[in-house]
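Student: Got two chains here, each in a separate frame; can you build the complex from them with the hints?
Chains as they are written, first to last, in the working numbering: chain A, 1 to 429; chain B, 1 to 96.
Since the hints were made in silico from the structure, they are not lab data. Small disclaimer: the values here were computed from a predicted structure and weren't measured. Keep in mind that a hint or two might mislead.
Label-pair restraints from in silico Cβ distances [as the list claims (entries may be wrong)]: (1) A:R143 to B:T37: 35 to 43 Å; (2) B:T31 to A:F392: 37 to 45 Å; (3) A:S97 to B:R39: 44 to 52 Å.
We treat Cβ as the ideally placed atom computed from N, Cα and C, and that holds for glycine.
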Amino acid sequence: MEKVECIVVGGGLAGLVAAYGLAREGVEVMVLERGNYAGAKNVTGGRLYMRPLRRIYPELWDDMPFERPVARELITMLGDGAATTVELASERLSGPSPQSYTIQRAKLDQWLADKATAAGAMVVTDMKADELLRDGERVIGVRAGGDEVGAEVTIIAEGVLGLLSGGAGLREQPRAADHAVGFKEIIELPPGVIEDRWRLNEGEGAAQLFMGDVTRGMTGGGFLYTNRASIALGVVVSMEQMRTRSDELESWELLDAFKEAAQIKPLVRGGELAEYSAHAVFEGGIDKLPRSYGAGYLLAGEAAGFALNALVTVRGMDLAIASGWAAARAALAARAAGDSSAAALAVYERFLRETFVMRAMEAGRGVPRAIENRRLFSEYPGAVARLLEGFFAVDDESSATLVRTSLRGARREFLKIDTLKDLWSLRKV
Amino acid sequence: MSEQPGKVDAKLGANVFKLDQEPHIVIDTETCRTVCTRRVCLQVCPADLYETNDQGDMTVNWEGCLECGTCLICCDEKALRWEYPRGGFGVQYRMS
Ligand SMILES: Cc1cc2nc3c(=O)[nH]c(=O)nc-3n(C[C@H](O)[C@H](O)[C@H](O)COP(=O)(O)OP(=O)(O)OC[C@H]3O[C@@H](n4cnc5c(N)ncnc54)[C@H](O)[C@@H]3O)c2cc1C
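Chain B with its partners taken away, still in its complex shape (with noise of 0.2 Å):
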């Protein structure tokens, strides 16, 4: 499973992103580490950004965000502040 890190990396190195200093996905750790049990974020984004460092805490390395959504939608604790990047930062889809 995620014994094949670079995957989907691969993928995403075929993308054009245009990265903002600032993160656009926020991860409110504390509930990640007191509340949630099952950690879906990990099983459901499609580009595999999220991660539990080796302290136990959950990441996401959001430069390569697909804007998707779904780990928004996902979370069972609501502990992803997650918006947009700002105006015209963040993933370019040229052919999808």
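Same shape as in the complex, but just chain A (with noise of 0.2 Å):
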């Protein structure tokens, strides 16, 4: 059987930060990549969050490839006709270190995988990994397109199903009470129309997450983000409560009926469809979160779990790539002591810790019950539109002065002991 002293199940995020960081100390590795590309098979909403990784190889992000800063944030609540938008322009959004850019995973994957080439690692793309090889208990490689290539440490980066690493037993298959799906357009449209559009000035972006009608009362959302000459516009809903209805809908009728929506017609107008994807998101939280290592090898991104659903957006992409930056270092500990035990490659967690993700994992501990919660996608973004008709209202009953017909309309909407209960389980969110 060949041999390299690294395989990496996976060349999304995770993947190839891993494999990055072993070839810049000379570690031989290697990445399977079942796509044409890097990126070919990957989908995100669009928004990677970049503050948390700016410490994690700082040479790295230069000349990263982005679409848009993101320099406004509007969040829409859909419901009952009408549309609430709460939005904030701020220079701390942008500035010169930006918290957040628009992306484009077939770009933004290929980038790092050329990364990866030049630092010295081996990208194979076109090359599904069949099988993790076993001895025991130990992984001591992978079966693919007919070949065995044994490593000292795998390091699955395979993504949310965790195909590979559920038909081993390394963790559980996916439920749909710990999943959502989500599937978007990309509409291109002229970059000077969105910067009209979102008010942007040139080379910003927003991003517009919407809450509401969107989802039919089921956990999710919208979203929109604002690319170079494109927008990306989705909607991410609960696998377990769309296969649960008691009607007929069907999931991929909510991104239709939320384009065709009166406040939403106008955001897509004139706009081409270029492409149509979809993909599953973790959303268990970390109490569901498998065992990250065991005897030969890691897990990192998705498949082990790194992914935060928090009301309305999706995390996801900076945790992967910081755990991949985790896993090259307890790999990197492994080969100096040898030992790719069990209980060697515990460092891992330890290296996890060291990084912002299981403090963003613990820190959306609450979220999942949280979000569960229907009246926040049902009641709630209704009421608010009431609440601000009310006050925008001018008729002939209107003798109330506005401050007092907006405070009764905000006693019979949100006065209730169970906004107190939901107000409560969302400080975690």
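Tutor: Here it is in structure tokens:
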């Protein structure tokens, strides 16, 4: 059997960063990627939170291919035929060191693959790993394309479904209750139109998140990210709630209805559909994480459950990158010690804790339960709109003062014990 | 609902697919017919690939698969043999 020091399964963000981190230290590392090129199979919403990453391989990010730095954040609640938007444009969002960038995976992943290759990694595309090779408990390599390749450490960065690791019993098979499905359209629009529509300075971008009617009361929401010359418009919805509906609604109809809503239509007007994609997202939270290491292997990125679904934003790319970094560190430590047993690779957990990965997962602990609450996605968006409509209303019986009308509306809509309970559960989000 | 055939097909038409000879999704139609009562695959697939044919059997137009795995995760009866397409085949995202 041919042998290399490390195999990485999956040339996504976690896998490629791990490979880069190993190759730059002179480790012989081979990445197996089933896509025709890195990123060919990968879907994200579109926004990479950059600030937590700058300390990870600082030399890496200077020429990262991004679409736009996000300078304007919008949250829109859709309900009861109305849209209420909260909007923030701030120097602190963009400025010299932007908080987040919109990105496209085909570009970002190929760029990272080039970095890993330049550092000395071997990135093999068109190559699906079919099976993990075992010697008792120990993972000793993979079978791919009819060949077997052995490795001292195998880093499994295969993404959310975990077909290989689940198949080998290293983690559970994915359950609907812990996952959402996201699907999106890339809609091309000229850069100038995007800047006018979202009131952006040249080159800047916007992120707009939607909750309420988009998901018909199910946990999830809509998102819109501006790329340079296109927008990504999509929906994320709980698999469990989707599959247990009593009506015949089909998932894809949510996105079509969203696009057709009176408040959304003008945002996509004149755009050309360029791509339609779908992907699962893990939202089980820290309590559902599998053990991330064992004899001869490490799990990195979303294969290890590192992703957070906080109300309407999904965060996984920065966690994938940071866990790839930690996996490289752990494999390097094992190599230095000449020991890749489970006990030796347990340092991975320490490296994960040193990054923000575990802190972020910990901070999101209460989220899965809080967002199961359907009131958030059905009642409240409409209630907020009704409250504001009361505020803006001018009719023959509005003798009461603005303040009084609003207070009365607020009492009616929100002064309920459930609302207080919901607020309490949301403090974590 | 599915009375608008082609709505998702039009979207899939914007994508690049590299088709293999062999399907990467195989349905155990016997299980679907005899055990499954809900057929959630019809509802959950974002590409609307599942259908019931004239004989009442489940079919899947695997060629348009977006490889999200939702059907696999949601199937009540574990009636799918679902794997990723062979290396290099299947959907090829360029902008997602
Ligand atoms: C709709 C949606 C919106 C999202 N929005 C955001 C967002 O705005 N911001 C954010 O930070 N996160 C977001 N996320 C989450 C984020 O995209 C993921 O958490 C992240 O991409 C996970 O990275 P990864 O490297 O672990 O896995 P992936 O990116 O999935 O990479 C896994 C790689 O492994 C390869 N692979 C799998 N199996 C095999 C095999 N057997 N052999 C060879 N190769 C294999 C795949 O082809 C792929 O390249 C979103 C997710 C979705 C679905």
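Student: Next step is simple, just say for each hint if it's right about the structure.
Tutor: A quick look at each hint next to the structure:
Under the hint 35 to 43 Å, the C-beta atoms of A:R143 and B:T37, about 38 Å apart, fit the expected range. Distance hint check for B:T31 and A:F392: the Cβ-Cβ separation is about 56 Å, which falls outside the suggested range of 37 to 45 Å. A beta carbon spacing of about 51 Å between A:S97 and B:R39 agrees with the range 44 to 52 Å that was offered as a hint.
When held up to the earlier numbered hints, the structure conflicts with hint 2 and nothing else.
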